[in-house]
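S.K.: Put together the whole structure using the sequences plus the hints.
For the record, the sequence lines run as chains A and B. For the first sequence, my numbering gives the first residue as 147, with consecutive numbering after it. For the second sequence, my numbering gives the first residue as 194, with consecutive numbering after it.
Careful: at least some of the hints might be erroneous.
Computed footprint of chain A on chain B; a stretch qualifies when at least three of its residues, placed anywhere within it, have a C-beta under 8 Å from a C-beta of chain A [as the list claims (entries may be wrong)]:
hint, region
1, 195-209
2, 278-292
3, 393-407
The hints are simulated quantities; they were obtained by calculation from the structure and are not laboratory data. Ideal placement from N, C-alpha and C gives every residue a C-beta, glycine not left out.
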Amino acid sequence: MSTALQVSGVGYSFGPRRALDDVSLSVEPASFTALLGPNGAGKSTLFALATRLFDCREGSISILGHDLGCQPSQALACLGVVFQEPTLDLDLTVVQNLRYAAALHGLPRRESERRIERELTRFGLLDRRHDKARGLNGGHRRRIEIARALMHEPALLLLDEPTVGLDVPTRRQLIEQVHRLCREDGIAVLWATHLVDELDPASDRVVLLHRGRVHAQGSVAEVLAAVGTSDLRSLFDTLGEEPR
Amino acid sequence: MSWLVCLQGIVWRELLRFLNQRSRFIGALVRPLIWLLVFATGFRAALGVAIAPPYETYIPYSLYILPGLVGMVQLFNAMQSSLSMVYDREMGSMRVLLISPLPRWYLITCKLLAGIAVSILQVYAFLAVAWAFDDTAPPLGYLTVLPALIANGVMLGALGLLLSSLIRQLENFAGVMNFVVFPLFFMSTALYPLWKIQEGSDVLADICALNPFTYGVELIRFALYGQFDGISALVVVGAGVVLLTGAILGYSPSRGLIRRKAG
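M.R.: Okay, structure coming up:
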């Protein structure tokens, strides 16, 4: 099976400011990879490139073997995305939001209804299906956004700091639910975060992004060894950043 | 098949959003009705309109401005859609649309068609109220005007999309009213016939003759009376194609439209 996400030599500049420089990383199928970096590291820029919101002019990005530049439709069809900013339409109900996402992926009505029921059951929100998104709390909105990203059964799920603004118990639940997606559904996950306590040192793979460059990648132990520190909390200190 | 599902989904969402925003619906009706019931009534005595095609007899002023107000409904709806695109982009929900696997040009065209569907709904609601106040067109005209509404909707909707791709911040949108909407509307034949404008100012008449919105209004005017104005149709379709091409290019990923952020 192809690598879920392959980023090779990607660079990007906003005018004179270099946001990403020669970034290479890979995410294997059914794995949970944390893209760890402080604010301004280039995580969101990398996400914008991987979702084709920006054109990738330096280097290449492929999703399940489909090059994003040459085969954008095939590549995007394999991709589910949860953006950092809330993107639900607050004036629509939960079901209407999910139907809209299904339509954007060309799912016929009957199939989309089946998947809506499945995803809402998975996230325990079936009884909120006819509520307006405006009436949901932050944690529920995030779950709906993840459910929406799963509607077309993607092989790769990108989540850009999805726990921003959530309380600690909700964050933990969300992280556990996404880990379960990897284990039970075989979905590859790239989880961007600046919070080291969101990592599971035992199983997660880490890509450490700092000032637009990949400083280390591998298991948590490998990344700590590469940076020359003994624990995750002092990781950003070593890189010259404030700990989070 | 998946392309059609996508189109249905985008049109359905736009209609739902419109119906959910009651104030937008009321606003879309009240604006032209004030012009029709207040402005046109006040000027009825002052402004005589001579017989000119497509009219076969003298008509009250309120009937003359009816097509112009239909154009106004479509113009304001296009700008409202454009504003909503800028808002969606600022707030992030535009990303959900743009990461669909379907081609970007198709998604933008679907968005345009969705806006046209909403504008046609508004136009017929306005025409129904105008009819209740006795400002009526021939019965068949309500059907024959539909293709003209679609063509005008494409032109104005594409203009709105192009503007939304050029405007980087929501705050800049106020300028659109002053520099796009008002000149397009007032420098057209929406309120006065071209010959009447010419009596006042040749320069203004020339500007009106160059304004594509003039041709949109005339296309609607003739279509409301079951007639076809070829020149207006050509200008409206031509302008629509040019503007839509510009809008599609404006939303190309190479322009990196989505607000850049640190992180």
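S.K.: Would you mind marking each hint as holding or not holding in the structure?
M.R.: Hint by hint, here is what the structure shows:
no.: 1; hint: 195-209; in the structure: holds (count 10)
no.: 2; hint: 278-292; in the structure: holds (count 8)
no.: 3; hint: 393-407; in the structure: violated (count 0)
The structure fails to meet hint 3 from the earlier list, while all remaining hints are met.
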